[in-house]
Amino acid sequence: MKKKHILAYALLAMKITALQLMLSTCFVITLFANKTEGQVDLQKKIKISFEKIEISKVIEKLQHQTDYQFVYSSKAIEADRKISFNTNTKLISLNDFLNEVFKPMKIGFTVIDSKIILYRIDLTNQNLNVPINEEDLFLPPDKIIKGKVVDEKGMPLVGASVKVTGAKSGTITDQNGEFKLSVKDKATTLEVSFTGYAVKKILLGDELIYSITLNSVSSKLDDVVVIGYGTQKKGNLTGSVSTVNADQLTIAPIASVSNALAGQLPGLVSTQSNGLPGSDNATLSIRGFGSPLMIVDGIESSTFDNIDASQIESVSILKDGEASIYGARAGNGVILITTKRGTTQKPVISVNTSTTMQGVTKMLHTASSGEMAEMQREAWINSGKPDSSAPWTAQAVANFFAGNVPGYTSTDWYNTIFRPWAPEQNHNISVRGGSDKVKYFGYFGYTDQATMIRQNGGDYKRYNVQSKVDADITKNLTLSLDMSLIYEDRLFPLRGLGIGGYSWQDLYTSLPWYPATLPDPTKLSWAGISTGSIYATTNMNLTGYTDQKTTSLTTSGSLVYKIPGIKGLKAKAFVSFYDNPSFSKNWTQPATFYTYNTSTQNYTVAGSYFTNAQLSEGYGRGKIFTENLSLNYDNTFKEDHHISVLALYESTDYDNYSFSGTRINYLTTAIQQLYAGSATSQSVTGNESQMGRLSYVGRLNYSYKNRYLLESVFRADASAKFPASSRWGYFPSVSLGWVLSKEKFMQKFTALDNLKIRGSYGKSGNDAVGNFQYLAGYALAGTSYILGNSAQPQLYTTGLANPNLTWEKISISNLGTDFSFFNRKLFGTAEVFYRLVQGIPGTLAASVPSTFGAGLPTENINSTDDRGIEISLGTSMKSGKVNYEIVGNISWSRAKWVHYDEPVYTDKNQIRLYQNTGKWIDRANGFVANGLFTSQNQINSLTYTYSDLGGNSSLRPGDVIYKDIYGNGVLDWRDQKDIGKGTTPHWNFGLNNTIRYKGFDFTALLQGSFGYSTLVNLQNFYSETEYQLRWTQQTNDPKALVPRLGGAGTNGYQSTYNYKSTEYIRLKSASFGYQIPKKVLEKVNITSARFYVAGTNILTFSSLNKYHIDPEIPAGANTLSYYPQQRSISFGLNLSL
Amino acid sequence: MKIYIYITILVVFCLGSCQKHVLDKVPLNIITDQQVWTDSTLMDAYLTQQYAYTAVFVQDATGYVDGWGPCPISGTWDFGTSEQSSGPMFMNEIADEAMGGWAYFGTSDIFKTQGIHTAGGFSEWWEYPYAIFRALNQFIQTVPTVSPSVMSPGKVKLRVAEARFIRAFNYFSMVKRYGGVPLITKVVPLNGTKDQLYPQRNTEQQIYDFVISEMDSVAPVLAATTDYGRPNMYAALALKCRAALYAGSISEFGTVQLNGLLGIPSSLSQAYYQKAYDAANSIITSGKYALYNSNSDKIQNFKNIFLVKQNSEAIFAKQHNGVDAVQAGGNAWSYDFMQCPHPQAWGAGMKDAPYLEMAEEFEHVDGTPGALDRNAVQQGLWSTDSLWANKDPRFYATIWTQNTAWKGGHVDFHNGLIDPNGNILSDPSQGYGGINAWGDQTVDGTFHTSFGVMKYLDENADNMTWLSRSSTDYLVFRYGEVLLNFAEAAFELGKTSDALKSVNQIRARAGIALLTTITRDQIRHERKVELAFEGHRYWDLRRWRIATSVLNNVSHSGIRYILDYTTRKYKIQILNNIDGANTPPIFTSNEYYFPITLTRTSANTNLVENPGY
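Here the protein sequences line up with chains A and B, keeping their order. Here my numbering is used: the first residue of the first sequence is 1, the next is one more, and so on. Here my numbering is used: the first residue of the second sequence is 10001, the next is one more, and so on.
Don't take every hint at face value.
[Claimed, not checked] Simulated restraints on C-beta separations: (1) A:S582 - B:A10405: 37 to 43 Å; (2) B:T10145 - A:Y619: 39 to 45 Å; (3) B:G10154 - A:P581: 38 to 44 Å; (4) A:S660 - B:P10369: 55 to 61 Å; (5) A:V605 - B:V10146: 55 to 61 Å; (6) A:L700 - B:T10145: 42 to 48 Å; (7) B:D10366 - A:A779: 56 to 62 Å; (8) A:Y657 - B:G10154: 57 to 63 Å; (9) B:I10030 - A:S582: 55 to 61 Å; (10) A:L836 - B:G10154: 58 to 64 Å; (11) A:A779 - B:S10213: 33 to 39 Å; (12) B:T10142 - A:Y619: 38 to 44 Å.
Hints were generated in silico from the structure; no laboratory data involved. Glycine residues also receive a C-beta, built at the ideal position from the N, C-alpha and C atoms.
Construct the complete structure from the given sequences, taking the supplied hints into account.
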């Protein structure tokens, strides 16, 4: 939407409403002329005559002729009296008319602020000049004060409201910013307010003339916030909506914009568990719920990480019933991304360019030869295996550590494979502007993010192109055409660098006593791993690559028609076509590996990475066609009643298809095209799927005096996922707001700028529960089984049908308050919520035993509830030339199983350990450890036996001591308990600091989490850290972080020993910029120019630092097998022409 | 106003027309129930899937992989225990045949050295077979009702009999693990009774009887089988024979527990042995099968049993063609890739490392025991020819070790090099006179026992490419086993001459001295040698109830070959406690049955847990 315009209208509306509000409180009727500006000329000549009509009618005639605005109270001037006047078509000045006709009727007049004020003059004090206060209409004032209201720069503020604190009405400043006001003697304070400025309270003294300066505040209350299918003024929001604006997203250049949201919004849980270029996005979750619905410019999208941060105007997250407007998909909250549009301004060309260096935050360093050999030998001997066949002799270990014995090499794989800094480029140029009739925005961006691999390790490239045009075709009809194209190319080594990517396994298992390269450069060096060597598998030239090219093309158009005749009624038609063709190419290049014995100079074939080249190509395409038609009505009745209604119809059509083919055996590896492969080896496959969705949406907003707010939303959703008889779902929500600070009784709290209380209740759904589950079916397995002389196809069942499966039913209640004190020296928001999710699909597999024998249909059987709090507090200050703002937020949330389908446990230990119902969903069971054994006596004196070891005979010093907490003399499953604090961060916080001084700006965003636990298993792979932190006979440290190598099989239990409480704070992003003074730039015709240095993940304070792992390490089995989180330093320039 | 009208028209049009087609969607890749049961090709494919799911056909592998995705039965990734990986080798490593060598896809060692506990986890075969039972029960119930025009009555009978064979095979695979299990022969509806949904265990005897009686019923029908790879009449008899033999020995050596859920009354042992004897006898007397004896080279002859497809000894086999290599699953298996010596693409292989004791089990050709004089062999220098001279030809066909010929070269295990000055060079980076201190047969950095498994290895297989390329068939039932079953049953029935005759047929084919008398131990020894690494040993030790002594606290050994540079002979070191002195193998009596596991007993409280868990 044309945000700037809406803002302008909103501001204007506010001004007018403020006046109306003020006047209406004293039963004053205001008549507006078409022209409201300009000086009142009392000498203006009029031609008027009438016979026995009401004074009010006379005033109407006057207004009609003069275009001036008359303000009066019908009651005061008894406007229903009938009078006559005849000038015989003679011209008469307004002044004369009023004196001649009205004065005898005891109606006085005066001109204030371009308005003609009419009042009764049969009051005690006939000189009364400014009778605006109701009581003043009839009572004499004690004194008249005058003043001038200006802004910080001394510019007069026109239309500022001036009133005595507590009074129902006051006056407004004129074109010179001046005012006159009659006040009672008892009046003590004067209140001056103006939209966009902090309310100022002036103590009244003896003086009669005041000079008042208002300070501008970004009160944000009038900011327009994007909500579902529309916008809302922040001050009028009743739901829980948090927003981030463009400038907060571009603190530091980042390729994946989700990372810029971390820590910015209360209730947004962000985890960046991966640093792979093109996939280094944060996983976002609203209040710890599941995957939120993401809507980009009105269209459902699976990601927004491929949009440049510079394209984005705002990000809103809908956290409560506000999300219900998205119905069956909205249960986990909604993230709305709005990109920039044209504005009415002269064209502004912006150029942003930056160069970034990315390096690792924390990652385990590969072990050296000495370290690994010693650990292998230690494990071998510790487990009681014969010394004579140990992998290494003690002498060999010593030789490795000596480092200068020929033949005993040690390759530092970490530094051989990775560079300390990987380059990233971000450049974009945009143009934004427009006239009254046509507005436009054009954008081109380029991102190139290379991997940390030194040799041919690939990169992620992205091109973003966007154009938007809004044109007024006729007075009432506006056409918008948008086009966005995103082209992404992910080119990486074939073994994979993502979470669980095999390259990480290759890295840590490549043996350091093998060299990276051999004296004969045509031979690849073996490093003892199944794929040869990490050196080869990360080099695309040696072993192949995977290349994925994706285009995301969104074209949309809308027509908005202001329906003539009905004020505030608009019709809109919107269509959007999203097309997502992708092409992938996987090339496997065969390689043979050799070992080389330096003593004998023998080369021996040790292994191979395939013997034949192989190429697979795949095409896929996903299409989404969305159309919606809506009617929007927005009007104000009787000044106080603002009503806005939306009715919308939406349909979405999805279609996906894919095709892929493979050939093996290539004539030459130089031609990496399918045609060059062996035709006899080829295989192809393909697939297609479709889906559809239909919705009706309604919303009603009502506000009374902007003080009492109501919003009600309703959505009906139908999805083709479900059988026709039960595919419709209905999702209502209602929310209420009360702006307390606008109440009269609150006026005495002078420190208060704004206080609102709001509450909401809404229902929504989550229909990501599988498609067509109501149909039983069979599918062909991808493989065959030989019966007779030929391979036969296989048909497997896709599971039992379940016609009753439906969406998860979610209800959420939210209570919140927004407040601001001392002219925003303190402001914030606090919320509590409770969410109930019912009908979470589960199979009865848990309660129906496996003897049933079928993949049980998923049914809506489980339920969870979430609860949480969010607090956001901020302060903004201005002190001389220093401006700063600090905003912090903290949130907590956690979910419990209300019902979990599970066996009816009868054993109390099973209930305690395995029953989920009523327990936190992310709890973890484990044993209670008590350090490590340090002597055999300790083991011998154990009063219980380790059940899984079949006794304690294999225990030795250095093994983990577990407590027999159940106390039955046997260490078994019963000795587990709920340990740790859960697997997902429950407490999340962020602190955003911005300081500006003259041309300098500094922004720092701290982000962190606590209240969760991480399973730390350093024994997945050999590493330097494992070597340093392990238990050894020499140190015999009962608290060594890694138990005895080759130790008891029980050492790997999940326990308090390895399940570590995690908390961290990181300097998520920071930037320091300098704006070149305008004076300098004017000479070269540049509007603005800013140089900056910025960084991300710059510093991390974490309880896991001592293990040398990042606190956002992905949970689960793939621990340590992932592209580490990156920290970056950028140098950049923002230029506006 | 014109536009207003247009918009109205558009709204009306869209509400009217789009609504229907937006929601009018169907899955495009799903075959419906109705389509399956009216199409004999689809019904055949449905049954074929159950063959494929029955991973235990191949040496008790328990994983199934469909492509590189999760298994459709359980929805989990089960690669490690599948045929395409370590599945078939786990049974060798849990027994006294071998230790786990290459550990990339897991080993059984943890269960061997720490025992099996209430969480279970070793060679589990419970969830899969019940899924297979349901599918087969559906098939058995539905196929007889289809129209003769869809499937001829003769074919219906045959396919149903096949389905019953697969079902019985799976029940046999379960009963030998868990003892009595719930016997489910009908499709249980989701709204079934509590007894159907939460069934109790049947007795061990009931399961064995079910397997035997099912084979009695289907064997005559399966006489019509023509496709190799589907069970024929003799496959049914072979299953009956094996099951009855197991039942006989459990009855004889085991004890009845849990009111018969475990164990079979000892009074019944003779009857079961008789059934085993009879079934074996039917196969033997049919003359359809014979011990493979086509190659005059006894070593190659024994190897060929497992390499020559559809040979005279193959009663029932799972066929492989090495074609599904890319996707895996189905008929793909990786035996060569897993077990072969170097060179191997991943620099690995040697999944199983046979113990020295297993190597010693093989007699000499003259019938003298094969055990080494451990003191003597550690003195002086030995050539491998003299060290392993005159062994049973089956030794060379079953195990590879130092200097075994392989792909035009020789397997090289030497770990250490004695230079002319008498120094032992022990580190891999060392060498002398062009000879490396280490041979190339290290896996995971060690030489393990210096033995590998030769049985089933195809010297022509491509081990340098990728997994799942093996094209050898797996013999589920072979004639050699039938003869040994016959010998054992006969012996237990007191028919020693039958037993002796059978064992001698085996020994004659192997090429070693015949026996003149026969004892139970000799039959068991012959079985261990002839059927080594075919997945029998562990189950045999259990049913004979001798695992508590043979597999408990018995340390095994390996061997180390140190090459003498000057003589090119070897100094031999015996590696004692190769499993680790702290962690010798254990086998407690409760392990004669796997645990039902806590997960399953808590999901169905009607399931009684086995004793000791």
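Verification of the supplied hints:
1. A:S582 - B:A10405: 37 to 43 Å: The hint (37 to 43 Å, Cβ to Cβ) is violated, given that S582 (chain A) and A10405 (chain B) are roughly 51 Å apart.
2. B:T10145 - A:Y619: 39 to 45 Å: The hinted range 39 to 45 Å holds for T10145 (chain B) and Y619 (chain A), with Cβ atoms some 44 Å apart.
3. B:G10154 - A:P581: 38 to 44 Å: violated (52 Å)
4. A:S660 - B:P10369: 55 to 61 Å: holds (59 Å)
5. A:V605 - B:V10146: 55 to 61 Å: holds (57 Å)
6. A:L700 - B:T10145: 42 to 48 Å: violated (59 Å)
7. B:D10366 - A:A779: 56 to 62 Å: Since the Cβ atoms of D10366 (chain B) and A779 (chain A) sit about 60 Å apart, the hinted range of 56 to 62 Å holds.
8. A:Y657 - B:G10154: 57 to 63 Å: violated (43 Å)
9. B:I10030 - A:S582: 55 to 61 Å: Taking Cβ atoms as reference, I10030 (chain B) and S582 (chain A) lie about 24 Å apart, which means the hint is violated.
10. A:L836 - B:G10154: 58 to 64 Å: The hint (58 to 64 Å, Cβ to Cβ) holds, given that L836 (chain A) and G10154 (chain B) are roughly 60 Å apart.
11. A:A779 - B:S10213: 33 to 39 Å: Taking Cβ atoms as reference, A779 (chain A) and S10213 (chain B) lie about 35 Å apart, which means the hint holds.
12. B:T10142 - A:Y619: 38 to 44 Å: holds (39 Å)
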